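Engineer: Listed below are the residues making up each chain.
Number of protein chains: 2
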Amino acid sequence: MKRIALDMDEVMADIYAKFLYYFERDLGWRPEKKDYWGIKIYELEGATHLRKYLHAVGFFSDVTPMPNSQKVVAELQQHYEVFVVTSATEFRNSLVDKWDWLSTHFPSIHWKNYVFCGDKSIIDADYMIDDHVSNLQKFRGKGLLYTASHNVHNKDYVRVNNWLEIRQFFQEELAKEGKTL
Amino acid sequence: MKRIALDMDEVMADIYAKFLYYFERDLGWRPEKKDYWGIKIYELEGATHLRKYLHAVGFFSDVTPMPNSQKVVAELQQHYEVFVVTSATEFRNSLVDKWDWLSTHFPSIHWKNYVFCGDKSIIDADYMIDDHVSNLQKFRGKGLLYTASHNVHNKDYVRVNNWLEIRQFFQEELAKEGKTL
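Just so you know, the sequences run in chain order A and B.
The first sequence maps to residues 1360 to 1540 in my numbering.
The second sequence maps to residues 1360 to 1540 in my numbering.
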C-alpha cells in the first residue's frame, strides 16, 4: 500500500477558527478572511502574541475537524496507509492534546500511525498533504499543498482547497491503476 | 550531513533499571541478568503486569541516561544530524515525560530532531540504532542493534553493546571518509 502523510494543523484541524476566537477576545474585533489572506493572522497589528497560545495546555484539544476530513480519511484508508505527521515537538503541551484529539476524532487511525515531530524531512512516504511549503520542499514524494492564508501565492505544488478536492485527487490517482475510491 | 536515528528506550535511556526497581518492589526479589537474559523481564513468572507501568505518568521521567551516551551524542553531532526516534505514541502519558527528559539530559538535541512515533518504517535516515529487530527490519539505511535482553540471539545486524562501541563504529565510518570523530 502506498503511504499518505497527513499534516494535522490547518489540514485535519481548523486551527484558524481557534485563532479567530482568541483574536476577537484579545483585540476586540474579528478579522475577515480578506484581512489576513496572504499572511498569517498573527502578523496583523497587535496580534503577535497570538502565536504564544500554541504553547498553552488545551489550545489543540478542542479544535474542529476540517469539513469532510473524517469521511475522506476513512475512504483513503481503504487504499492507502494513512499517517498523521504533525509538527508537535515545538509545543510540549500540544503532545497530549493532539494524541487525545486524534484518538477522539480519527479513531480509525491507529496510534502506530501518529508521528509527532519537528523536521518533516525525516519522513518517508508517497504523498504528503501539508499547508507549509517548507515541509513539501524537503519531501521526496508527491506533495499536495493545502490552502492556508500564508501559502496562497505558491504555485509549485498541486493545490487542494478542501477535503473534497483531496478526495478528487486520489480518485484520479487510483483511476490510473484501474481502482475506485 | 548523514543522519542518525537514535532509539530512546534501552539505547539512550536505561529502562531496565526502572523495571528492576518495580520488579523488586512488587515481587519481593531482584532478578539477576541471567534470569532475564534472552527474554523480556516482564516475561518472568508473576511479572506480566510490569509492562503496564509504561503507560503511567512518570515512568519515563526519571530514567537514567545510558553510560557515555551524552558525551558520544555530542561528539556524533559534530559530523551527523542526530534525531531521536522513539516509539512513544503507544503510551500517551510518555509523551511529555519523554520531551522533558530529552530536553533535560540531551539539551544539544533540538526539539526539531525529536520524532515520537509508533511505526518506524516511516523514518528516512542513514543509520538507525535500536534494540528492536523489528524496527531495523523495516529500515532502509544501515541498522545497528543495541544489545538488550530480548535481542541477544540475533545475528543479522552490527551489534553494539554500549556507547563506546557506538563511538567506535562511527569512528570507523568517518575514517573511510578521511575524517575523525
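Simulated from the structure, these hints should not be mistaken for laboratory data.
As the structure is a computational prediction, the values presented were derived from the model and not from experiment.
Keep in mind that a hint or two might mislead.
The list treats identical chains as interchangeable, and a pair is accepted whether it falls inside one copy or across any two copies.
[Unchecked claim] In silico DSSO-like links for lysine-lysine, alpha-carbon gap of 30 Å or less:
{"hint": "1", "residue 1": "Lys1538", "residue 2": "Lys1393"}
{"hint": "2", "residue 1": "Lys1377", "residue 2": "Lys1471"}
{"hint": "3", "residue 1": "Lys1471", "residue 2": "Lys1514"}
{"hint": "4", "residue 1": "Lys1501", "residue 2": "Lys1399"}
{"hint": "5", "residue 1": "Lys1392", "residue 2": "Lys1411"}
{"hint": "6", "residue 1": "Lys1471", "residue 2": "Lys1501"}
Engineer: Look at each hint and say if it fits the structure.
Structural biologist: Hints, verified against the model:
Within a single copy, Lys1538 and Lys1393 get their C-alpha atoms no closer than 40 Å, and across copies no closer than 55 Å, so neither meets the 30 Å cut-off. With identical chains, the CA atoms of Lys1377 and Lys1471 are at most 30 Å apart both within one copy (28 Å) and between copies (24 Å). In the homo-oligomer, the alpha carbons of Lys1471 and Lys1514 lie at most 30 Å apart only across protomers (27 Å), although the nearest pairing inside one protomer, at 33 Å, exceeds that limit. When the C-alpha separation of Lys1501 and Lys1399 is checked against a cutoff of 30 Å, the pair qualifies only within one copy, where the shortest distance is 25 Å, while the shortest distance between copies is 41 Å.
Within a single copy, Lys1392 and Lys1411 get their C-alpha atoms as close as 21 Å, which meets the 30 Å cut-off; across copies the closest is 48 Å, which misses it. For the identical chains of this complex, Lys1471 and Lys1501 are neighbours both inside a copy (22 Å) and across copies (22 Å), given an alpha-carbon limit of 30 Å.
Violated hints amount to a single one, hint 1; each of the other numbered hints is respected by the structure.
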